[in-house]
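Asker: Going down the list, the sequences are from chains V and X.
Going by the numbering used here, the first residue of the first sequence is number 5, and it counts up by one from there.
Going by the numbering used here, the first residue of the second sequence is number 274, and it counts up by one from there.
Treat the hints as calculated values from the structure; they're not laboratory data.
This list has only true hints and no planted wrong ones.
With a Cα cut of at most 27 Å, we get these calculated DSSO-like pairs of lysine-lysine:
no. : chain 1 : residue 1 : chain 2 : residue 2
1   : X       : LYS555    : X       : LYS596
2   : V       : LYS317    : X       : LYS548
3   : X       : LYS506    : X       : LYS548
4   : V       : LYS10     : V       : LYS20
5   : V       : LYS344    : V       : LYS179
6   : V       : LYS317    : X       : LYS561
7   : V       : LYS567    : X       : LYS315
8   : V       : LYS45     : V       : LYS55
9   : X       : LYS548    : V       : LYS316
10  : V       : LYS370    : V       : LYS154
11  : X       : LYS561    : V       : LYS316
12  : X       : LYS362    : V       : LYS316
13  : V       : LYS590    : X       : LYS330
14  : V       : LYS590    : X       : LYS315
15  : X       : LYS555    : X       : LYS653
16  : V       : LYS55     : V       : LYS20
17  : V       : LYS459    : V       : LYS193
18  : V       : LYS66     : X       : LYS516
19  : V       : LYS14     : V       : LYS344
20  : X       : LYS686    : X       : LYS667
21  : V       : LYS588    : X       : LYS428
22  : V       : LYS486    : V       : LYS154
23  : X       : LYS596    : X       : LYS561
24  : V       : LYS486    : V       : LYS316
25  : V       : LYS13     : V       : LYS54
26  : X       : LYS548    : X       : LYS460
27  : V       : LYS370    : X       : LYS362
28  : V       : LYS250    : V       : LYS567
29  : X       : LYS315    : X       : LYS352
30  : X       : LYS315    : V       : LYS588
31  : V       : LYS433    : V       : LYS86
32  : X       : LYS561    : X       : LYS548
33  : X       : LYS428    : V       : LYS590
34  : X       : LYS296    : X       : LYS561
35  : V       : LYS317    : X       : LYS362
36  : X       : LYS548    : V       : LYS370
37  : X       : LYS352    : V       : LYS504
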Amino acid sequence: MSSFKKKQKKIAALSKSITVSEERGCIVLRGEADDWSTVVKAGRIAVDRKKYYGVVNNIRLKGFEQSIRLPAEHDDCYDGAKPDVLIIGGGLVGCAAARELARYRLDVMLVEKGSDVAAGQSSRNGGAVHVGINYSPSSQKHRYNHEGNKMFTQLAADLDFPFERTGHLMLIGAKWEKILINVLLLNAKRLKIDGARYVNRSELLEIEPYAPSWAYGALYMPSGGFTSPYKMTVALAENAVANGAKICLNTAVLGMETEDGRIRSVQTNRGRIIPRIVINASGVYADVIAEMAGDRTFTIHPRKGTDIVLDKKVGRYIRTTEVKSPITVIGDGQKLSLKKRIEMIRFALSHENTSKGVAVIHTVDKNMIIGPNNLETPDREDITTDRETTEMIIREQMQAAQQIASSDVIAYFSGVRSPTYEEDFQVRKGIFCENILEAAGIQSPGATAAPAIAKDLARWTVEYLEQSGPVEKNTAFQPIRKGVPHLNEMSESERDALIKQNPDYGQIVCRCEEISKGEILDALRSPLPVYTLDAVKRRCRPGMGRCQGAFCSPSVLQILAEKRDCSVEEIRKSGEQSTILLEKTKGKSV
Amino acid sequence: MNYDVTVIGGGPAGLAAAIAANKENASVLLVEREARLGGILKQCIHDGFGLVTFGEKLTGPEYCERYIDELLQTDVSVKLLTFVTRIEKNADGFAIHFVNREGAAHVQTRAIVLATGCRERTAKQVFIHGTRPSGVFTAGTAQYYVNLMGELPVKRCVILGSGDIGLIMARRLTMEGAEVIGVYEAKPEPSGLPRNLYQCLDDFGIPLHLSHTVTRVFGDERLTAVEIAQVDKNMRPIANTEKIIECDGLILSVGLIPENELAESIDVAIDRRTKGPICDQKYMTMEKGVFCAGNALHVNDLVDYVTLSAVEAGRNSAYLTNKPRALVHVVAEEGILYTVPSVLDVNEPVSDVTLYFRASRELRNAMLTLRVDGRAVFQKKYSVLRPPEMERLKLNFAQYGITTDSEVSLSLKEVE
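If we strip away everything but chain X, and leave its shape as in the complex, we get (with noise of 0.2 Å):
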């Protein structure tokens, strides 16, 4: 089989992608691993998403729905429980092959929509030690496990990572009659948004210990305790701060990782910083004909923002040209952690590029500078701006001039 565009991931990020394109008139292909559409949406029963697209609050599945039934009105084709092995190069494009139920086989596809998602920082990821007992989750498991199973991995728990679906599992587990203890996090400032904050923590009197990470574990078969210790500003254990929790559970929610395997597989070029494919205004990557979208390609704090970014990369994956590209980068300076994207195609339209950005850390009354060739060109000011939260700009930079030879950098200052 031939199709114009092959989508990679049936979460909210593919769902967009694979509608924009068929919209298009393309070809389209949606390959998803599991049984049934929607990625992690499916267990996200709390509310809250879809305020920008939708103007309203809806939950996860209800979300995500929306756009399953849009996309059953089309003629995309969908496989089901088809898992991608290996994605080979060719003169037309490239050979997906997968495998399912019915065997083993390829397609043959023009453009890739990469929207794999992401996935959770275990627990050696973070260097936990002492014991290796059961009883230790990623929080989406424990998700999973409660809201998709109706099963209770845990009765007493402690939470470590303030990171926002770690905050939702504190108020999940705490409504499903389990106790928690309380929210550690390593960091000087919580990961989550302030909204989970207030409405997972505050409203339950579950305790935010920031600067307190999880050192050691202890239990056999079972987790029966967990040590805590106060860090330093480098993350560093601080001696004799020590204490130890009696409890069952450890639920981590200590960040979240883009899924790029298939990506590297044919050495598409990795962001450092975002982990994610670095990807150019029209959500291609550095390789010709592959496009990414939603969490695969940066982790995204709405599924709002995975959805419009997956809008533009499924549209720009049905008109696939020949055309060279002119990159040049955005230099992400002082004060910006990173920004997607992070080149931009001076080949192509350049005046309406959404330009999504993080800062390095917490700043108040920050100016942002765009600038080209050392030219401060744009300038924006902040009150408050923290990592957790990612900003959104539009931005014309047809307007500034911009040509292959252009240096372009952004920065934040705090500002009186």
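The following block holds chain V by itself, in its conformation from the complex (with noise of 0.2 Å):
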């Protein structure tokens, strides 16, 4: 039986009302289904790497409607623009693209449809700086990740964004577990990871003070790391402002009009986008832009995941991050039988196992993250949390993190991530459409691999614009940005120079993160200013403590809208319709 009908006899077993097809390179499926579950496995089941571009999952959830999140502007303030490079999505992968193709002298835009950059996974998630030891050598994750962890020693020192390469353990509790360690010892001689060896106990608690009391050994891997994601994005963003890029927030993509595989122009709420080429970086919604561009050759199932930020009194108990093992049963791990232990050897080492595990994280602001755990969603916006999950990772993560209690808890948060059924990034050139670059499929490493998916990105669009005539350098480009400056890291002699230059850097407005007026006026004084509480947030963290903003939020407020020259009741916590105060008390007209 040809391995096509295997697949076909597999996925009628689990519904009937499914159907199955190979259609221009792909292999696609149709019908209805009553449970999200039955449509993720047969997407699973139809995966054959060799074979087809990819899985096109097109069954449809009984009584489910995707409510896409929409701008609420609507006018012509772009209408007719024609751009050289239209990107789609202001995450990590998007204004890393913006930022390589402001190295030329091109009209680069950038299109986002939330309130500020990093709306989605970039601002959602732990901020690890991955290895890659697990990855498959022939995948794009692995040549990705491997690329971009070696730029981001470079790549922060010049846009001043914090990132600390402290190293990665994955922890076992007992000898036979070391089997898997060896494994992976093989795979990253192969993948040319440096560094990665065993540790034992005693090397490990030098490491990691705190290790958890089980932990018989682990696997260190000093190139790892962690950042701060949005902090990061934020700057790729202001950097390729800074050097000629435009980023256009609220902006979304409703459509687009080709014509014999091409792109001629893309619909916007803002208008109509004329651009030569097309960047294709919107997250969970990659496939639904490579759809209308007539590209599609993948599936984003929307897998969502939820962190716990724990407050920095805790912090100092993690120094890396730490992960369990997969394989590693605390308690009852002596008594497992050598085929269960085979079994799960096996499926550590799979595609199937698409995590990492549950990990706990330092993090730049020497909090503790712990999280985040996986659910399959058909919600690609579904970035709510609930009590089971929240609890079920803090009675998992006390396991790793023995010093913590859930009063210990500060705030907690979901994102969505995106990845396609071959679970690898789809980045490349277009398929079926010549002016389409995709950045797909783009989760876990992807923030580790943004920059060096960006490098292919503006290679390959040069590349393309070449076709038609030449590309030149931009020779003022200006690689290095300043950040807002870290006023409670500095040394109190350095900090009274700044504050006498600039007294509102001493002026503290929060008071559990330490923020001055100053830092938040410099934010604001950026070359992509965003005047909500949850922008300022991002870039300068008032109201990320552990009051989270119920001192400082009335204070941050009246700065921004001093600083917007508009009453407080016009300013946002991040998008239109999310007011914060009503209206005034007193002095109403009737």
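Now that you have both chains on their own, put them together as the hints suggest.
Answerer: This is the structure in structure tokens:
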């Protein structure tokens, strides 16, 4: 039986109402299902990396309609714009691509449907800079992660965003589990990952003094680190704008006009844009955008995860990023049968294991983050949290971070990952459309990979545009960007000198995070100023501490209103509808 | 600069402590992070303050103004808009590092009075789930918007938690034209003072729903609705009791937490129950030279008690000696949530100790018993005791012959 027939049979066994076909080099699924897990299962069965471009899973979920959060704005302020490059999506990949392209004398336009950059996954993840030890050598994840990881030290220095290379740890609970580490170390050798090694318990305690009591040893990977994914996105975006790129917020792509395998125009809520080439960096909507261009060969199946932020007081219990090995079972580990152990190792190394495991992460702001979990969901924008999940994560992570208590929780949030069924990135030139580049299927390790992905996207863009004339280098390109200073990390004398120059640096607005008025004003003086509470929070952290803005949000509101020269009622939390203050209590006209 | 005493925080506790230390001829510095003195009282424009200390019903601003006026008559140095960034222990006491609009600097002090107040528990700390819309405010923040900025943050709201600020905001928002649909309390009994239940809810026809909590919030941008559910004894939501209430605001009054990040930074031992430093009858923490008063020590129900504790802390901070301490724990036994102080220094006078305590649950006809080495030395009967109300006792421990080896305990039992 051919592999296609086999898949057909397997899927038929799953549901009679699903049809399977081969079209344009893709395997296409159609029909309707009663539950989402059937849709995902069918998509997974259909995968054949060698034979097809990818799985196009068009199975509808009965009763489900995606509600898309669209900006309130409707005008024609970008109507008729003719950029050389139109980037769709203001996440890490889109902003990194915009900055890469700003190295050329090109008209670069980026549209983002949210009210700020980093509105999706880029602000909703733990910020690990990955090592990538478990990827297959032929995967794009490996290629871009490997290259991206190496770029971080320089990029963080150039763009002044936080990055620390503290190493990552995978903990094991018993001697036999070293087998998994040995297998991974062999893979590390193949992948040319430097420095990874096994450490025993006493070596582990030198790296991580508060490692859990059950940890027998660990795989130590010194090239791992962590960043602030949203500060990194803002840094890339600001530097792109400073070098001439245009970033259009609250701008959503609604459709495309194509002709003979070419995108002629892109319809947005703010007018029709006529780009020469389009870069699809639209995250959870990447397949929808690709479909508009007639270039869809893949499907995004949203995978939700929740992260929990713990108080700085417990931040000191973690220096690196720790995960429990996927085969470690705390407590009962010794009793497993050999067969069960082999099964677990096999699963840990297989493609079906899409998770790196729930982690304990030290953040750039000295908090601790625990999470995230994995949950397949039909809703691409479901960023809600729920009690069961957070309780489960806390319970599970108390094993790895034995000092934490649920009273240390200061915040939690969910994000939606955008994997394809192939569980790999789809970074490529258009196959059925000549003027589109796809950057799809980007999830973990997307933050690490983004700088490397952006380089390829920029190179391909230039190659394409050069077909119709030379593309010149932007000789004025300034790679250095200065971020908002962090006064609470400075010495007293340094801080004193800065305050003497600008007294606003001496006026603390956010007591929990020790953020001054000066730092907030600096954030608003950026090349990409955004006047919402959330945007200020992302840029310099007021309201991210243990009081969650209870004390400082009135002050931040007033600073924003003063700076924008508007009333406090006009300031929003994030989107246009997210009002904070509704009306004056006195002096209303009746 | 050198000071005998540095008071951190210019609210009611800090003001009273600074004045008291000054009266004992100590050189005093008061550091306040905001532009004006008075702390949270600035926004508490309702009355009821000062019944114990002045025998009058004052508003918050009136109450603190009395202390501010008195302070300004003294030679206490006051630094406003000044934020303490770090405290460093040294041979002569402590270096207090701070920043303000003039720069970053430090002063040297022999003693510290921590009067840093408390903060509100947030939506995340009571595990409210769902989306992350605007329109969710802690009661204190809502109070700031309404009373200090003249802005209405909600028009139709639900209040979660029956703490005093929540009750007061229910009335305040109603008077400003907002609709308060109801106050929901997860516990089976209200958290606020009875007088606030009558004056803020009953008088305005606002319903109080006990054993109910908010389980979810809705709305992608602004809050559009909340889900309410009944809870069981362990405060877990009961399935199928959920109800959706459309509203544009959720006000939280779900508890206060003493702010002790500075105390913790110099390893001051914290009481797990009060979340404030463990201290002796002189309000000195377990760190020599560091005193604590007011809501930073434990959350008080009346500002009058804040003031009284701060007067003691301030006065004692002026007389710092090198005498070693001999500490005896006051063990909180059955029926007692906590006591303040929780330790006694028997090398210092114990003849006039004010002991504050809270019952761990609602008790009727309860007998309070103070035991020394197992022997009941003092008893007092209470007809009703409720955890929200703090009780105060004047005790002469000297007459009980307490020594370093004594076992001192306090308990509450219901009697016939």
